[in-house]
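> If you're matching them up, the sequences are chains E and U in order. In this text, residue positions in the first sequence follow the numbering used here: the first is 1, and each later residue adds one. In this text, residue positions in the second sequence follow the numbering used here: the first is 1, and each later residue adds one.
Some hints could be false.
As the list claims (entries may be wrong) - Quick list of simulated restraints, FRET-style, between CB atoms:
{"no.": "1", "chain 1": "E", "residue 1": "231", "chain 2": "U", "residue 2": "4", "range": "21 to 29 Å"}
{"no.": "2", "chain 1": "U", "residue 1": "2", "chain 2": "E", "residue 2": "156", "range": "38 to 46 Å"}
{"no.": "3", "chain 1": "E", "residue 1": "58", "chain 2": "U", "residue 2": "5", "range": "27 to 35 Å"}
As the list claims (entries may be wrong) - Derived list of chain E stretches under chain U, where covered just means 3 residues or more per stretch with a C-beta under 8 Å from a C-beta of chain U:
{"no.": "4", "region": "76-90"}
{"no.": "5", "region": "208-222"}
What the hints assert, rightly or not - Among chain E residues calculated to face chain U with C-beta under 8 Å, some are:
{"no.": "6", "residue": "17"}
{"no.": "7", "residue": "20"}
{"no.": "8", "residue": "30"}
{"no.": "9", "residue": "34"}
{"no.": "10", "residue": "69"}
{"no.": "11", "residue": "70"}
{"no.": "12", "residue": "101"}
{"no.": "13", "residue": "102"}
{"no.": "14", "residue": "105"}
{"no.": "15", "residue": "106"}
{"no.": "16", "residue": "110"}
{"no.": "17", "residue": "233"}
If you are wondering where the hints come from, they were derived from the structure by calculation, not from laboratory data. A virtual CB, placed ideally from N, CA and C, is assigned to each residue, including glycine.
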Amino acid sequence: MTEQVSAPPAVVVEGVCKEFMLPHERIVTVKGALLKALRGRTGKERFVALRDVSFSVQPGDTLGIIGTNGSGKSTLLSLIARIYPPSRGRIRTRGRVCGLLGLGAGFNPELSGRDNVFLNAALYGLTRPQIRERYQAIADFSELGDFLLAPVRTYSSGMYTRLGFAVAVHLSPEVLLLDEVLSVGDYHFGLKCAARLDQIRAAGTTVVLVSHQMAQLERICQRAIWLHQGQVMMDGPSPQVVEEYLRKCS
Amino acid sequence: MTELAEAWRYRDLLFNFVRRDLKIRYKNSVLGFAWSLLNPLFQILVFVLVFRYMIDVGTKNYSAKLFIVMLPWTFFSQALLDGAASVAEQVDLIKKVYFPRLLLPLSTLGSNLVHFGLGMVVLAAYYYLRHVTLAWPHLGLALVGLGIMITFLFGLLLAVSSLCVYYNDVKFMLMSLIQAWFFLSPVLLPADMVMRKLPEKLPAFCKVLYLLNPVAPPLITFSSLLPYDQPGDTNDYLVVISRLEPHFMTYFAISAVTALVTLVAGFVIFRRLQWHFAEQG
């Protein structure tokens, strides 16, 4: 409360709930919808992914989110990235938000690596001049050389993630959301990515990170949130939160 | 309105989407982009072959007349079919990245517009080689007609592409609808012919319905670019049409209003549905 922070938070999550209809309840056809309406809404199953989650992140901070599979971590990142709206509550962000919820979003196998860099970066809201300006840095970072002119369908999965990550770390948003995308590529590339992420954080980017690698998370994040069945179990300095999480899990 | 401002900020993405569509269409083909010109060229050859040598439709230069309405119709129907799936087939992408969803149907419109433009180039070359003199004074009206068609088309695309995410049936309905629409519009059957014939067999309101079809008046303005070469005292197609329907320009205005209403309605539907695209499938 007495924090001497003049800037408003970069991310504010207020009383957020998210409910999904279970996929097998999905209505695919008009006939299905009519039958459903006639029968009355029988057997509709709601799945609550997040219940009453609140927190805020100050600009330049790095927040880690931990929890078991299905605890709502990815849902939370998707909500902040505006992929879908919360069922209740409010989310506010300041500046450009880039959600890396999977590398190489929108990569088209038929297009060349170069074309895909332009397409992928444009998806994250970069303008053409901005991309042109960064293209060389992206190409160098990917270490793909002449392969950038070949269609992406000829790439190995390692090359694919390299290219995806190379674009991702050159987007320079105000808020960066990372969903377990750090553990990609070979050892050498992994080190390079970690170094680049340190640079990005040093430049003042706000980072929200979902990870299962506790050592890495403790190194990068000052603060962590532990989610369990869609609820915040603990919110505090990452060493304590990680310790508590590991104790409860074992 | 914030949607529109945001879509404008992402205009480079629109450019990238259109480029992708165009590149993908001719992947693994030797002639590549040339197909955009060759396809309409072959279409002309087939029309000429059929309507000059194989069947007598009782109209001179029928193939030339057919082509000038066939091109905008093909653009309209193809864009509608492509656009219907434009959002549904990108749900995986929608789940990963936020970008203005509006750009998906808009990019289908864009890439189809490019093909339409290339087709028009082929058409112009064909008319030039055959020494067809165009009724240039009607060009302005035909361009307004094209504007009406594009407005109407985009309104439909917004509605259809967002509904398709929830109900796949929409696409199949559309396929049947487009087929019927083709025969009820002045494409294969020239408008003057239909408007003469209709009142003979059907009550008067059928002619009203025929002209209330939002694509009919624009297509007629396209036809008016060619001189009317049947026996009579005029070579102006619009004069012929106006004699058959004195209020033709009123119908033209109605189609413009319908197009605008469709655009607004499509936008409202899209806006309502777009937030939940990522929760489907």
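> Run every hint past the structure and note whether it holds.
Checked hints:
1. Between residue 231 of chain E and residue 4 of chain U the beta carbons are some 39 Å apart, a value that contradicts the proposed interval 21 to 29 Å.
2. Range check, residue 2 of chain U to residue 156 of chain E: Cβ separation about 42 Å, and the 38 to 46 Å hint holds.
3. Remark: the range hint 27 to 35 Å for residue 58 of chain E to residue 5 of chain U is upheld by a beta-carbon distance near 28 Å.
4. A count of 6 residues in the region 76-90 of chain E with a Cβ less than 8 Å from any Cβ of chain U is obtained; the coverage claim is therefore met, three being the minimum.
5. By the rule of at least three residues with a Cβ nearer than 8 Å to a Cβ of chain U, the coverage given for the region 208-222 of chain E is violated, with 0 such residues.
6. Interface restraint check: residue 17 of chain E against chain U, minimum CB-CB distance 14 Å, threshold 8 Å, status violated.
7. The beta carbon of residue 20 of chain E is positioned within 8 Å of a beta carbon in chain U (closest approach about 7 Å), and the interface hint is therefore held.
8. This hint holds: residue 30 of chain E has a C-beta 5 Å from the nearest C-beta of chain U, less than the 8 Å allowed.
9. The interface hint given for residue 34 of chain E is broken, as the beta carbon of that residue sits about 11 Å from the closest beta carbon of chain U, more than 8 Å.
10. Hint status for residue 69 of chain E relative to chain U: violated, with the closest Cβ pair at about 18 Å, above 8 Å.
11. Violation of the interface hint for residue 70 of chain E is found here, the shortest Cβ-Cβ separation to chain U being roughly 17 Å, above the 8 Å cut-off.
12. Interface restraint check for residue 101 of chain E: the shortest CB-CB distance to chain U comes to about 5 Å, inside 8 Å, so the restraint holds.
13. A hinted interface residue such as residue 102 of chain E counts as satisfied when its beta carbon comes closer than 8 Å to some beta carbon of chain U; here the least separation is about 5 Å, so the hint holds.
14. A distance limit of 8 Å between C-beta atoms decides the matter here; for residue 105 of chain E the minimum to chain U is near 4 Å, and the interface restraint holds.
15. For residue 106 of chain E, the interface hint holds, since its Cβ comes within 8 Å of a Cβ in chain U; the closest pair sits about 5 Å apart.
16. Among the interface hints, the one on residue 110 of chain E holds; its C-beta lies about 5 Å from the nearest C-beta in chain U, closer than the 8 Å criterion.
17. Taken as an interface hint, residue 233 of chain E does not check out: its beta carbon lies about 26 Å from the nearest beta carbon of chain U, beyond 8 Å.
In summary, the numbered hints that this structure violates are 1, 5, 6, 9, 10, 11 and 17.
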